[in-house]
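All chains, full assembly: derive it from the sequences and hints.
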Amino acid sequence: MKRVGGEVLALSTDEGQDARRLVAELALPFRVLSTRGIPVLADYGLEHVEGHEGESIAVPAQLLVRPDGVIAWRYVSRSLNARVDPRETLAEIEREFGSTPPARR
Amino acid sequence: MNTVSAPTEPAARRRTALALLSLVVLVLAPFTWLWTLDQPFLRASGLTAWVGIAVALALAFAAARVDRRGWVRAIVVVQLGALALFVWGFFGFARLPATAVPQRAVDFTLPDQEGRPVTLADELAKGPVLLVFFRGHW
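Line order of the protein sequences matches chains V and P.
Convert by adding 131 to the 1-based position in the first sequence; the result is the number in the numbering used here.
Convert by adding 25 to the 1-based position in the second sequence; the result is the number in the numbering used here.
Calculated from the structure, these hints are not laboratory results.
One or more of the hints may lead you astray.
[What the hints assert, rightly or not] Think about it this way: if two alpha-carbon atoms lie no more than 20 Å apart in a straight line, the pair counts; the simulated SDA-like pairs of lysine to any residue are: (1) Lys151(P) - Arg141(P); (2) Lys151(P) - Glu146(V); (3) Lys151(P) - Val201(V); (4) Lys151(P) - Ala158(V); (5) Lys151(P) - Phe161(V); (6) Lys151(P) - Pro160(V); (7) Lys151(P) - Asp132(P); (8) Lys151(P) - Glu156(V); (9) Lys151(P) - Leu135(P); (10) Lys151(P) - His183(V); (11) Lys151(P) - Val139(V); (12) Lys151(P) - Trp204(V); (13) Lys151(P) - Gly161(P); (14) Lys151(P) - Val131(P); (15) Lys151(P) - Gly176(V); (16) Lys151(P) - Arg162(V); (17) Lys151(P) - Arg197(V); (18) Lys151(P) - Pro136(P); (19) Lys151(P) - Glu219(V); (20) Lys151(P) - Phe133(P); (21) Lys151(P) - Ala125(P); (22) Lys151(P) - Gly229(V); (23) Lys151(P) - Pro198(V); (24) Lys151(P) - Thr134(P); (25) Lys151(P) - Glu138(V).
[What the hints assert, rightly or not] Calculated from the model, a selection of chain V residues having no Cβ within reach of chain P, i.e. all distances over 10 Å: (26) Ala158; (27) Pro160; (28) Ala192; (29) Arg226.
Computed from a predicted model, the values in this text were never measured in an experiment.
A virtual CB, placed ideally from N, CA and C, is assigned to each residue, including glycine.
See the structure below:
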């Protein structure tokens, strides 16, 4: 994603300290945002109501957003077991932005 | 002279072993799924677990076919119950709700792991963004 001048942002209902621990433990090269108390999941239609111990959490999904705000590609899991293959995401990024990355200002 | 061969000791032991082996395979089957979580296809399909359960069932049936003891038959019932439970877990319990993702990204400002506010519009002004929604870390 960096190569095409883009950013990866991860979102979950984890609170800041959990997100911080996650980033540290896995040495994640991207920012992890907390949606706690903010209806972002509902805005995106990705709210799994009472998905975990009575709390609403995110449906596993990946959205590739073009600079104009259009969601160019999406993966939305239909099962707790299913996650997108990272190779598929990379192929989609490649297909969408190819070898001429939009300039990063 | 006995024309119907009575069950010999080694044969009975083999059948017992077969029945117990089927239980061991059954218990191991779900773990093979946990061990292969980093393989997207195996994770989504549960293939290793399904194969394991199929093998366990086959072993249990093979044991019960030649061994009429009650507990050997009970193992077959346990196996079928486990299969039903696994089918429900995989296709019922694990199913996620239908979603309606908008065509365009909805702007947001959220704190990152250090508490710094991140606004999507600002990030999009610099280039494309991959939003990764995940269930959380606990």
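Outcome of the hint check:
Between Lys151(P) and Arg141(P) the alpha-carbon distance is near 18 Å, which keeps this suggested pair within the 20 Å criterion. Only pairs whose Cα atoms come within 20 Å are accepted, and Lys151(P) paired with Glu146(V) is rejected, the gap being roughly 27 Å. Proposed proximity of Lys151(P) and Val201(V) is supported: the alpha carbons are some 15 Å apart, at most 20 Å. The suggested pairing of Lys151(P) with Ala158(V) is violated, with an alpha-carbon distance near 24 Å, which exceeds 20 Å.
Among the hinted pairs, Lys151(P) with Phe161(V) is consistent with the structure: their alpha-carbon atoms are about 15 Å apart, no more than 20 Å. With a CA separation close to 18 Å, the supplied pair Lys151(P) and Pro160(V) stays within the 20 Å bound. Distance hint between Lys151(P) and Asp132(P) is fulfilled; the C-alpha atoms sit about 15 Å from each other, no more than 20 Å. Among the hinted pairs, Lys151(P) with Glu156(V) is inconsistent with the structure: their alpha-carbon atoms are about 28 Å apart, more than 20 Å.
For the hint linking Lys151(P) to Leu135(P), the alpha-carbon distance of about 17 Å falls within 20 Å, and the restraint holds. A hinted pair counts as satisfied when its Cα atoms are at most 20 Å apart, and Lys151(P) with His183(V) does not qualify at roughly 35 Å. Restraint check: the Cα-Cα separation between Lys151(P) and Val139(V) comes to about 12 Å, which is no more than 20 Å; the hinted pair holds. Between Lys151(P) and Trp204(V), the direct Cα distance comes to roughly 19 Å. Compliance with the 20 Å bound is thereby established for this hinted pair.
A distance of roughly 27 Å separates the Cα atoms of Lys151(P) and Gly161(P); the hinted pair therefore is violated under the 20 Å criterion. Of the supplied pair hints, the one linking Lys151(P) and Val131(P) holds, its CA atoms being roughly 17 Å apart against a limit of 20 Å. Of the supplied pair hints, the one linking Lys151(P) and Gly176(V) is violated, its CA atoms being roughly 25 Å apart against a limit of 20 Å. With a C-alpha separation of about 15 Å, the suggested pairing of Lys151(P) with Arg162(V) holds against the 20 Å cut-off.
Straight-line distance between C-alpha atoms of Lys151(P) and Arg197(V) comes to about 10 Å, which keeps the hinted pair within the 20 Å bound. Taking the CA atoms of Lys151(P) and Pro136(P), the gap is near 19 Å; set against the 20 Å cutoff, the hint holds. Between Lys151(P) and Glu219(V) the CA atoms are separated by roughly 24 Å; this puts the pair beyond 20 Å, and the hint is violated. Only pairs whose Cα atoms come within 20 Å are accepted, and Lys151(P) paired with Phe133(P) is accepted, the gap being roughly 16 Å.
For the hint linking Lys151(P) to Ala125(P), the alpha-carbon distance of about 27 Å lies beyond 20 Å, and the restraint is violated. With a C-alpha separation of about 17 Å, the suggested pairing of Lys151(P) with Gly229(V) holds against the 20 Å cut-off. At roughly 7 Å between alpha-carbon atoms, Lys151(P) and Pro198(V) fall within 20 Å of each other, so this suggested pair holds. Between the alpha carbons of Lys151(P) and Thr134(P) the distance comes to roughly 16 Å, so the proposed pair stays at or under 20 Å and holds.
In summary, the hint linking Lys151(P) to Glu138(V) is supported, as the alpha carbons are separated by about 9 Å, within the 20 Å threshold. At the 10 Å boundary, the C-beta of Ala158(V) stays outside the reach of chain P, the nearest C-beta of that chain being 12 Å off. Against chain P, the non-interface label of Pro160(V) holds: every CB pair exceeds 10 Å, the least being about 12 Å. Its beta-carbon lying about 4 Å from the closest one in chain P, Ala192(V) breaks the requirement of being farther than 10 Å from that chain.
Here Arg226(V) stays apart from chain P, with its beta-carbon at least about 12 Å from theirs, past the 10 Å limit.
Hint compliance for this structure: hints 2, 4, 8, 10, 13, 15, 19, 21 and 28 are broken, all remaining hints hold.
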